[in-house]
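Chemist: Protein chains in written order, with the numbering used here: chain A, 2 to 114; chain B, 55 to 165.
Each hint should be verified, as a subset may be incorrect.
Lysine-lysine pairs mimicking DSS-like chemistry, simulated, CA-CA at most 30 Å apart [stated by the list, open to error]: (1) A:K4 - A:K72; (2) A:K60 - A:K106; (3) A:K56 - A:K4; (4) B:K63 - A:K106; (5) A:K72 - A:K58; (6) A:K106 - B:K68.
A short list of chain B residues far from chain A (calculated; beta carbon distances all over 10 Å) [unchecked claim]: (7) T61; (8) T69; (9) A78; (10) M81; (11) Y118; (12) S121; (13) T125; (14) S134; (15) P153.
Taking CB as the label site, the calculated pair distances span [unchecked claim]: (16) A:A80 - B:T125: 40 to 46 Å; (17) B:F64 - A:Q3: 39 to 45 Å; (18) A:K18 - B:A136: 42 to 48 Å; (19) A:T27 - B:H151: 21 to 27 Å; (20) A:H77 - B:P93: 45 to 51 Å; (21) A:R43 - B:T74: 38 to 44 Å.
Keep in mind the hints are simulated off the structure, nothing from the lab. Keep in mind it's a predicted model, so treat the numbers as computed, not measured. Glycine included, every Cβ here is placed at the ideal spot set by N, Cα and C.
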Amino acid sequence: SQKIEQNSEALNIQEGKTATLTCNYTNYSPAYLQWYRQDPGRGPVFLLLIRENEKEKRKERLKVTFDTTLKQSLFHITASQPADSATYLCAPDWGSGNTPLVFGKGTRLSVIA
Amino acid sequence: NAGVTQTPKFQVLKTGQSMTLQCAQDMNHEYMSWYRQDPGMGLRLIHYSVGAGITDQGEVPNGYNVSRSTTEDFPLRLLSAAPSQTSVYFCASRGGHSPLHFGNGTRLTVT
């Protein structure tokens, strides 16, 4: 079965710095990789999706990379702000649309002012 | 747009009681799923459905039943609650290759 590992349970960084979160997966490569944000007491909210033939995807201060050789995705938040503090989850998607999404355990990011 | 609606938001049960967690979506999504989230364990898939009349088991299905009689609704039933089922439950739906849309969860405590 697939195993999804996110680099650390918690990450603390200073405001203004770049946060980098890692998502590694085993076995066969997904067609897509999705990233979600979860705030306390709320359901996860979709942020970005990257396809296997895309090396990089950007949205405002967010950047996602996808390395199918390393079986890894990196999620960057540049110029981080305290409002970016949340748990971030990755989910490889094997792309049929009906395939269940399996999530990593998440990384809790705290941006300190 | 309501999106995915879960009820109730909070519930306390005694061991052995039964209950149904409700989930409804208004986006005409074929795919719906249930997850539980526990500290340190992340989101774990309980059951999922790819359309009305079709359900399948996820990673942790024991102790839970589901049915899908309409596209909109996907209730999760606990037939005999156990303390190990204390958790936060999330329902989610998707249409085709779109991302998952989550509800805001039901926090269940079993004493």
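Chemist: All the hints need checking, so say for each whether the structure fits it.
Modeler: We went through each hint and held it up to the structure:
A C-alpha spacing of about 11 Å is found between K4 (chain A) and K72 (chain A), which places the hinted pair at or below 30 Å, so the restraint holds. Simply put, K60 (chain A) and K106 (chain A) have alpha-carbon atoms about 23 Å apart, close enough for the 30 Å limit, and the pair holds. In summary, the hint linking K56 (chain A) to K4 (chain A) is supported, as the alpha carbons are separated by about 22 Å, within the 30 Å threshold. Restraint check for K63 (chain B) and K106 (chain A): satisfied, since their Cα atoms lie roughly 23 Å apart, inside the 30 Å limit.
With a C-alpha separation of about 16 Å, the suggested pairing of K72 (chain A) with K58 (chain A) holds against the 30 Å cut-off. Between K106 (chain A) and K68 (chain B), the direct Cα distance comes to roughly 29 Å. Compliance with the 30 Å bound is thereby established for this hinted pair. Annotated as non-interface, T61 (chain B) keeps its C-beta farther than 10 Å from every C-beta of chain A; the closest such distance is 14 Å. Under the 10 Å C-beta cut-off, the non-interface status given to T69 (chain B) relative to chain A holds; the minimum distance is some 26 Å.
Under the 10 Å C-beta cut-off, the non-interface status given to A78 (chain B) relative to chain A holds; the minimum distance is some 14 Å. With 10 Å as the threshold on Cβ separation, the claim that M81 (chain B) sits away from chain A holds: the shortest Cβ distance comes to roughly 13 Å. Taking the minimum C-beta to C-beta distance to chain A, about 15 Å, the non-interface status of Y118 (chain B) holds against the 10 Å cut. A cut-off of 10 Å between C-beta atoms confirms that S121 (chain B) is not in contact with chain A; the least separation is 17 Å.
With a cut of 10 Å on Cβ distances, T125 (chain B) stays outside the contact zone with chain A, its closest approach being about 14 Å. Chain A leaves S134 (chain B) outside its interface by the beta-carbon criterion, the shortest separation being 25 Å against a cut-off of 10 Å. Distance check on P153 (chain B): its Cβ comes as close as 4 Å (rounded) to a Cβ of chain A, failing to clear the 10 Å threshold; non-interface status is violated. For the pair A80 (chain A) and T125 (chain B), the beta carbons lie near 42 Å from each other, so the given range of 40 to 46 Å is met.
At roughly 33 Å, the beta-carbon separation of F64 (chain B) and Q3 (chain A) lies outside the given 39 to 45 Å, and the hint is violated. In this structure the supplied range 42 to 48 Å holds for K18 (chain A) paired with A136 (chain B), their Cβ-Cβ distance being about 44 Å. Distance hint check: the CB atoms of T27 (chain A) and H151 (chain B) are about 23 Å apart, consistent with the given range 21 to 27 Å. The given range of 45 to 51 Å is broken by H77 (chain A) and P93 (chain B), whose C-beta atoms sit roughly 27 Å from each other.
Checked against the hint of 38 to 44 Å, the pair R43 (chain A) and T74 (chain B) fails, with Cβ atoms roughly 22 Å apart.
Violated hints, listed in ascending order, are 15, 17, 20 and 21; each of the other numbered hints is respected by the structure.
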